[in-house]
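Let the hints inform the model, and build the full structure from the sequences given.
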Amino acid sequence: MEELLFGIGISAVAGALATVSGAAEDTESDIGSQGDPNSQVQLAPQMGYIHRIYSKAISGEPPAYGLWCTLGAGLAWALMAINYNPVLAIVLGSAIAVFVQGVYATTAYLGRTASLAKFEQPVYIDLIKSVTTVTMAHAFIAIFTCVSMCFLMVNALGHPFPLPLLGIVWGIALGAAGSATGNPFYGKERQYQSQKFGAGVPISASGNIVRYAEAGQRSSLDNGWFTSKMGGPASGVCFGLIVFLELWRTIFFESFAAGWGAVVAGIVLIIIFMIIDRMVEKWARKTYGPYTEEKEATA
Amino acid sequence: MSHNKVLGIGLIGAIICMYLTYLNTLLGVQYFSFFGGIAAVFALWWGTDTIKHLCSYGLGTGVPSAGMIALGSGVIAMILATKVNTFGPLVIPVLCVVIAAILGAIIGYVANNIVNMNIPVMVVSIAELCIVGAVTVLGLTAMATGTFVFTDLIAGTATFFGIPVTNYAASYLGGGAIAVVFMLGAIAVQHAFNACLGPNESQDRTLMLAAECGFISMFCVSIMSVAFLSLSAVLVSFLVSLIGWVYTYKKYFVLSKRDAFMWLDAKPIREKEEA
Amino acid sequence: MSAIKAGGGSEGMKPVAVVVGIILLILALGVVYYLSPGVAFMGLLGVVIGGLLIGFGVHFVPVGGAPAAMGQSPGIATGVTMLAAGAGLAGLFGGAWAAEYGLAVALAGGAIGGGLMMAITCLMVNIIYVYAMGIPAASGKVAKDPITGDTFEAYKSQGTEGHGLPFISYVGGVIGGILGGLGGTLIYLELLEVYETFLPTLLNASPDEVKALAVGLAGIFAIGMFLVNAVIAAYNITGTIEGPHDPKFKRFPRAVIGCAVASAVCGVLAIFVVLV
Chain B
61 MEELLFGIGI SAVAGALATV SGAAEDTESD IGSQGDPNSQ VQLAPQMGYI HRIYSKAISG
121 EPPAYGLWCT LGAGLAWALM AINYNPVLAI VLGSAIAVFV QGVYATTAYL GRTASLAKFE
181 QPVYIDLIKS VTTVTMAHAF IAIFTCVSMC FLMVNALGHP FPLPLLGIVW GIALGAAGSA
241 TGNPFYGKER QYQSQKFGAG VPISASGNIV RYAEAGQRSS LDNGWFTSKM GGPASGVCFG
301 LIVFLELWRT IFFESFAAGW GAVVAGIVLI IIFMIIDRMV EKWARKTYGP YTEEKEATA
Chain Z
103 MSHNKVLGIG LIGAIICMYL TYLNTLLGVQ YFSFFGGIAA VFALWWGTDT IKHLCSYGLG
163 TGVPSAGMIA LGSGVIAMIL ATKVNTFGPL VIPVLCVVIA AILGAIIGYV ANNIVNMNIP
223 VMVVSIAELC IVGAVTVLGL TAMATGTFVF TDLIAGTATF FGIPVTNYAA SYLGGGAIAV
283 VFMLGAIAVQ HAFNACLGPN ESQDRTLMLA AECGFISMFC VSIMSVAFLS LSAVLVSFLV
343 SLIGWVYTYK KYFVLSKRDA FMWLDAKPIR EKEEA
Chain D
-4 MSAIKAGGGS EGMKPVAVVV GIILLILALG VVYYLSPGVA FMGLLGVVIG GLLIGFGVHF
56 VPVGGAPAAM GQSPGIATGV TMLAAGAGLA GLFGGAWAAE YGLAVALAGG AIGGGLMMAI
116 TCLMVNIIYV YAMGIPAASG KVAKDPITGD TFEAYKSQGT EGHGLPFISY VGGVIGGILG
176 GLGGTLIYLE LLEVYETFLP TLLNASPDEV KALAVGLAGI FAIGMFLVNA VIAAYNITGT
236 IEGPHDPKFK RFPRAVIGCA VASAVCGVLA IFVVLV
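Chains as they are written, first to last, in my numbering: chain B, 61 to 359; chain Z, 103 to 377; chain D, -4 to 271.
These are calculated hints, taken from the structure and not from any lab test.
Heads up, a few of these hints could be off.
Now the in silico label distances, taken between C-beta atoms and shown as ranges [as the list claims (entries may be wrong)]: (1) Gln305/Z x Ala273/B: 33 to 39 Å; (2) Phe244/D x Pro301/Z: 49 to 55 Å; (3) Ala318/B x Leu22/D: 44 to 50 Å; (4) Gly144/D x Ala318/B: 39 to 45 Å; (5) Trp365/Z x Gly144/D: 57 to 63 Å; (6) Val131/Z x Asn215/B: 49 to 55 Å; (7) Ile204/Z x Gly154/D: 47 to 53 Å; (8) Asp282/B x Lys369/Z: 15 to 21 Å; (9) Thr193/B x Ile21/D: 54 to 60 Å; (10) Gly97/D x Val196/Z: 24 to 30 Å; (11) Leu148/B x Phe244/D: 47 to 53 Å; (12) Ala99/D x Asn143/B: 56 to 62 Å; (13) Ala99/D x Ile204/Z: 33 to 39 Å; (14) Ala273/B x Asp306/Z: 55 to 61 Å.
Ideal Cβ positions, reconstructed from N, Cα and C, are used throughout, including at glycine.
Okay, structure coming up:
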């Protein structure tokens, strides 16, 4: 019983760490304009809209976070191998990983922007000093919490994978969850704030991103508070639920029916989420209604 | 620079550097480990040009996937090559290239003909990328552990009550440290071209960034090598990678300044004049 | 996030290439059968089936790429390779953990782990679309949802190809996660079995001692093969797909054959590590 309670407790801590990690990950990627919305930052100057938005084109978020978290975990593993205290090792590993993230961020901004010279997009070198540091700060939170969570899985829950392998697994999952949940919110609601609410961006408006703020010019730093309204927390909840439910269903139900209990619990959870999704979808159709008069379905 | 010239310099440079790490074994020291990292820099530098070559045809899935397939297949070829010991350890670097070339060619054939991508350079490019991936992992592995022989990569020791005992979990492969090298290579090989993508992309700037990515990866591996090497050897690796990184990073800034439309510090948006 | 427009990826199959592929597959299986007909052969068979499942599973995952982030096309706004990898590796985590309960439970655990990851992610995508952006789900490729019968034409906002995740895409995402998790776990478990059988004699050590090494090797090989298969499948669908109702879905036989061949060759090399 005590062992079970300990396991559930660790799952809860891991879930909480994952929630923080997901929220920080999405905030970081939105401040730096990483992932899919980056294509619009890239497109705007080609359409004649010069801007002062950061452009952090380090592949997609999943591979990028795969690297940061693996690096943090691997360096922590190496430092623990020479008998460093685990807490110190994880902090140092994450700090070095964040340094690498910052270097990659600056080279990505410079590279993409310099390659747009044809469209008269200048390199605003002050952005590198102001924005990079802020993304690094958020990235540190994301990496540190993710690596700590992996450490708990190995050392407290006894997962067979070594720490760096768990870094790859959960780093890629973190990036996938964060980019899937957070990208539309930043891409549609922030970059195209001036477009109609409650509708997709018409393809004809592509590239016409918002470049000016309430006063002065939009800085990527403002994306931080915008993301924290919905995209960040939602990404956090997404990744937190993934980690917590995965651990919880295994620890709590694995003893039933020679391991099949955890499988059944997982199936039940999937069905519950499916029903919630269907309810959300139906609610949206009923409440928002169609955009145009519904024609008789012919096909 | 033509692609074939980049290929030649990259491949030969990487193989020579791989053999230089063998000085470790010959002389019984660990100071020459950093040559493995240099081999990886050569390979990544070459791989960047290959990716540029391949992606100019348009893959439909973006540049990063090419890095993933390169390292995903490369790591398999590399681990097998380190294991083959019938011909002695000196064959390993060449064997690694050969196995990776075969594996890459088959995967390239699958992608080009079975999946029907119909890209003329696909088979050759994926084969090249697989070699790049394998040599990058082999080089960074040699840098982290000082050797590229399988039996050494799985050997780790832990101390119980002051007595050292064999513990595979503390080894390079058993501890999963290879995962770090894997991800470092996967991002480094595609980052340079992905970051410099655009109408004004220029080869010297992209390749300078490729070298920078290589050195920053070396930097990380040099810190990770504290788990396997003596402190003085780690320090040598650390200094070499730091110097290489600072040089290429600064050089990259200079080249970006050259290519940029304007280089502005804390200036407002410069609206285009209406034509 | 593709800054380059899709170029390759035509329809149809080349019979010659398929035959060459199948010959390679049989050759790979034959070599391993010749060297070690027992555990290693079964292991390779498992790896091939695992790769095939991954290649098939990727086709179910609804991915819209960059336009999805602007609400211009349906699907999840990220890259198909990495979303599939995220789900598959989350499944691998669960499957590896349950390995001690036997093959069936571990495989089911891996599959459910991948499915659960996708179920949560897809739900959060729809929550963002509906509650943060006020956009209902609409498919661009079909007029009617094959499962629920919802019509889409009137729910598409002007100038877009649809947006959000209709229920069929949601179900597709979950199936894709399940197949990805199943395939990844199968590759891992089969390789683990091979290494746990051969490493003790090879290294002259007890099975308990080599456990960590077997896990490390099988883990990194499984991740590498997963990525190779996911990228081949992503090449097959050229970046974006809406789910099982998308016309591109019909291309899957090519990817299934391709992934089987690629996994067979990768699997042979991975098994050779303990055979030569």
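Here's how the hints hold up against the structure:
Checked against the hint of 33 to 39 Å, the C-beta distance between Gln305/Z and Ala273/B comes to roughly 38 Å, which is consistent with it. For Phe244/D and Pro301/Z, the hinted distance range of 49 to 55 Å is not satisfied, since their beta carbons lie about 35 Å from each other. A hinted range of 44 to 50 Å for the beta carbons of Ala318/B and Leu22/D is inconsistent with their spacing of about 39 Å. A hinted range of 39 to 45 Å holds for the C-beta pair Gly144/D and Ala318/B, which are about 41 Å apart.
At about 58 Å, the beta-carbon gap between Trp365/Z and Gly144/D stays in the expected band of 57 to 63 Å. For the hinted restraint 49 to 55 Å between Val131/Z and Asn215/B, the CB-CB distance of approximately 35 Å leaves it violated. Separated by about 49 Å at the C-beta atoms, Ile204/Z and Gly154/D satisfy the suggested range of 47 to 53 Å. Between Asp282/B and Lys369/Z, the C-beta spacing of about 19 Å keeps the proposed range 15 to 21 Å intact.
Taken as a hint, the range 54 to 60 Å holds for the pair Thr193/B and Ile21/D, whose Cβ atoms sit roughly 57 Å apart. At roughly 43 Å, the beta-carbon separation of Gly97/D and Val196/Z lies outside the given 24 to 30 Å, and the hint is violated. A C-beta distance of roughly 50 Å is found between Leu148/B and Phe244/D, which places it inside the suggested range of 47 to 53 Å. Evaluation of the 56 to 62 Å hint for Ala99/D and Asn143/B yields a failure: the beta carbon distance comes to about 41 Å.
Between Ala99/D and Ile204/Z the beta carbon distance is about 36 Å. The supplied range of 33 to 39 Å therefore holds. Checked against the hint of 55 to 61 Å, the pair Ala273/B and Asp306/Z fails, with Cβ atoms roughly 37 Å apart.
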